[in-house]
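Undergrad: One letter stands for each residue in the lines below.
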Amino acid sequence: MIGVPIKRNHAEIGLIRNQIGSAQISEFGAVLFLLISCIVLPLLNLSIIPVRFAMGKSIVGTETRSLAKSETFSEAIKRNRDVADRWKTLQAIGGITVKDSALCLTIDSTKTKRSMISTAPRRIPPSFLPDGSESPCVYLLDLKVDVEISPLITVAWQQGSIPGLTGPIPIQFHESSAWENLGRDPITGEFYVNQ
Amino acid sequence: MSNGRRCARGNMLFLCVAIGLLILALVGMAFWFQLTFFSNQLLQDTSEKVALNAAQKLNENENAGKINNLTGCARELVFSARQMHSKTVAEAAFAEYEPLAAQVLEQSRDGANLIADERQRLINSSIVNLRALVKEKSAPFGREIALFDAAVEKPRIVSFSIGSLENLESNVIASAGVPELTAYDTGHQYIKHGKDFDFYRANDPLKLPAPDDDLKFELSQLPIAVNGTSAPLRLVSESHYKPSMVLVEDGKDAIGSCAIMPSCVQVLMSVKMKSKVATQLESGTQSTSTACTNGASPDPK
Chain A
250 MIGVPIKRNH
260 AEIGLIRNQI
270 GSAQISEFGA
280 VLFLLISCIV
290 LPLLNLSIIP
300 VRFAMGKSIV
310 GTETRSLAKS
320 ETFSEAIKRN
330 RDVADRWKTL
340 QAIGGITVKD
350 SALCLTIDST
360 KTKRSMISTA
370 PRRIPPSFLP
380 DGSESPCVYL
390 LDLKVDVEIS
400 PLITVAWQQG
410 SIPGLTGPIP
420 IQFHESSAWE
430 NLGRDPITGE
440 FYVNQ
Chain B
450 MSNGRRCARG
460 NMLFLCVAIG
470 LLILALVGMA
480 FWFQLTFFSN
490 QLLQDTSEKV
500 ALNAAQKLNE
510 NENAGKINNL
520 TGCARELVFS
530 ARQMHSKTVA
540 EAAFAEYEPL
550 AAQVLEQSRD
560 GANLIADERQ
570 RLINSSIVNL
580 RALVKEKSAP
590 FGREIALFDA
600 AVEKPRIVSF
610 SIGSLENLES
620 NVIASAGVPE
630 LTAYDTGHQY
640 IKHGKDFDFY
650 RANDPLKLPA
660 PDDDLKFELS
670 QLPIAVNGTS
680 APLRLVSESH
690 YKPSMVLVED
700 GKDAIGSCAI
710 MPSCVQVLMS
720 VKMKSKVATQ
730 LESGTQSTST
740 ACTNGASPDP
750 K
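Taken in order, these protein sequences are the chains called A and B. When the first sequence is numbered by the numbering used here, its final residue is 444 and no position is left out of the sequence of numbers. When the second sequence is numbered by the numbering used here, its final residue is 750 and no position is left out of the sequence of numbers.
Only chain B is shown next, with the shape it has when bound in the complex (with noise of 0.2 Å):
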């Protein structure tokens, strides 16, 4: 009798015990659970914030839109000033305007090779700058969150990619000034017609004829203002995103060199989670965000 009550009490005692750990399980899983959920978001929040920041970086100022637009004026000043010393040469009423007529063409060749120059020094200069933005956040930040058991490292950038979007195309509107011009960039399918205006297309060289087909004139690609509307900074899908230069790849600078400027980031990044009591016990999740830059501004009237 004795030992059937030992017995007895001890069931209960064990019960009771596997009841609590049971429930303790039970409850530390939906915390971790909980904590997942909780950290996707954080990271899907901190990804899509770093790739705007990163994406308002390539046309800080409207850098960008305004060396699009200064590269099509100078194409435009050469096409116009080969033509005039076209005259002067071919017509002898205006020979003797020819040497006048070669110095304008020799400096808008020159002002079209500084332009150049100018566009490649603001690539260099903005990649500088988001390689010091990437080198900022690619150290861990945020805070490390616990919940429980379970904490929530600090985000990190495991890669950063500058590119563009497919079918987007330049913010350069087609001047009609020059009807040959024109002609001749319709001919070579250099424009696009849109309903109000035709725009020239980006990353293409736009070669002008010989003998200035040596003289590069690459647009990037940028939103066009259309009828005074700008496009705003925004989040793009990743499937219409073309990466044209790593910055970092598996969390480590890459080294490469871009010559058309980007229009779009992209960015991945990782958070980990980890058991304060099963120190063995992770797991991680990714997220990826694209953004594209912030379109040209409308012409003021």
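With the rest of the complex left out, here is chain A (with noise of 0.2 Å):
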């Protein structure tokens, strides 16, 4: 009899349909239970994340911007290391926690392609100044900042916790933006963005 498909009338249909429905009174609640617990419940708390993310990348891209605006390399420098003042909006998101930021100079050479970092003032060989034998070249301030987000809802537990789902996830968000003070200084006769 196997492979003889059974043929049912609509009648048989019909209360096998009942059958199945019948259970469904009995288990919609476990259902319900199970649905929001292991599905609803850790969705929502890792949609938070991609939120935080990108408030987090937005604000890092900004403060980017704001520190290539700045008159000198080492005035840039110094604001990065004032991380308590800022920082402020970024932890003010809530479950983002900075851990740690970087601020150099890469200079790309648009004639030879060419390239360098900086980390501080005064590093940068004359080759790759304004006026240099590199130049033109492409001055950009990049930022990375290494933070941790949370989820909504962080478990404490002692064999440890699961990024992203009961524990912070470490990211690095890293910006660039064009250098814009390419002036020389009257009184030093430097370039500000070697200064």
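Read the hints as simulated data drawn from the structure, not as lab findings. Computed from a prediction, not measured in an experiment: that's the story for all the values here. Ideal placement from N, C-alpha and C gives every residue a C-beta, glycine not left out. Be aware that one or more of the hints could be misleading.
Below, in silico cross-link-like pairs of lysine to aspartate or glutamate (EDC-like), each with a Cα-Cα straight-line distance of 16 Å or less [unchecked claim]: (1) K584/B - E667/B; (2) K306/A - D395/A; (3) K360/A - D380/A; (4) K641/B - D380/A; (5) K644/B - E439/A; (6) K725/B - E602/B; (7) K644/B - D434/A; (8) K306/A - D391/A; (9) K515/B - D566/B.
Residues of chain A clear of chain B, computed beta-carbon distances all greater than 12 Å [what the hints assert, rightly or not]: (10) S286; (11) K348; (12) S382.
Put the two chains together into one complex; each comes in its own frame, and the hints tell you how they fit.
TA: Take a look at the structure:
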């Protein structure tokens, strides 16, 4: 008889559906509980992370733009060091903890395609300055901020936590902005970008 | 039994509708957030563009730099003419040239006044140009952007001001041709000493010794060209900006005048986001941009 389709009339089919339907009454509560506890709540818990990520990225991007408008590179570094003030807005979102931030200047020569990174003032070699042999160059201020983004609800477990679900996810924001002040200081004769 | 069946089916329908609504609400919120970030970025870009456009007008064709240099030259001329006239008065050997020296002095003073008038005319003309630009940009521009149920209105200018940067001086190099004038200016701290040359301070009357102290030689701030490098048009940090005149306040034209040629502009723009479904739901963002005009060109060799 295997493989032979069973022919049922409409009344029989209706009866089977009714039998299945009757099972839903007792299972509905449990299904709802499982749906909420296993799918809806973890999803809600996770869904806050992209929101916080987007807001954090936007703030870091704005800060990078702001730092790139500094008069000198040393001023940008100094402003970045004032972490307490600088990342107040980022921490104000809630759920974002700033661990570390690093600022550097990436210089790409459009002529020779060579590039270099400067992490401190007065470190740019003369060839990479705006009047140097490598010029014209693109001066980009790079800001890297290491943060931990927490989900909506974090659970403190002794055995450790699942990043993103019960504990924070470590993330690095990396934003760049073109350095604005390419002029020269008449007092020192140096380029502001190298001061 | 039949009541139980109806109830079970109704519950499933309710559950499906509830989940559907929840998903719809989440998607709506996601779009709202996305549009908020997008509009903020758009606003920032737009305000920077407006600020740079306006700042460019402050030293168009390098007029501000040229009038500064002319003012510096006129000052030196008046000082030299006064010296010459004093010599013809003091020394009998040159007494017969006194009328000629007096004429030269008078003409140099007239020239200084003429340049001062021209400087004021340039300032007024620049402000008129800026007002025209602000008027053009004050009307909502760009295009409205809509995504799902949310729409971003066109950005508009809330306030617009002109001013200067702190620690920025003039583009006029102190001439070493008249040592007495250099000594006088150094004594009065009109000069700042640079590595390769000295230059005049800005926003200072730079008064000459009496009786020529009635003349004003105010130089405007402008980045000076150093070793052949001219400062490009750029965005600057708001923390270094000092406003001197407001052209637009709360979206309305403000009346005022400016005695010194500005070198910077600051613009505050805003954009509103509205929900098409829930019309009362709206939010807004603001962005401030400050720009400094391009510096003086290096002297032709």
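Undergrad: Each of the hints needs a verdict: does it hold here or not?
TA: Checked hints:
no. : hint            : in the structure
1   : K584/B - E667/B : violated (29 Å)
2   : K306/A - D395/A : holds (11 Å)
3   : K360/A - D380/A : holds (13 Å)
4   : K641/B - D380/A : violated (25 Å)
5   : K644/B - E439/A : holds (9 Å)
6   : K725/B - E602/B : holds (12 Å)
7   : K644/B - D434/A : holds (9 Å)
8   : K306/A - D391/A : holds (13 Å)
9   : K515/B - D566/B : holds (14 Å)
10  : S286            : holds (15 Å)
11  : K348            : holds (23 Å)
12  : S382            : holds (15 Å)
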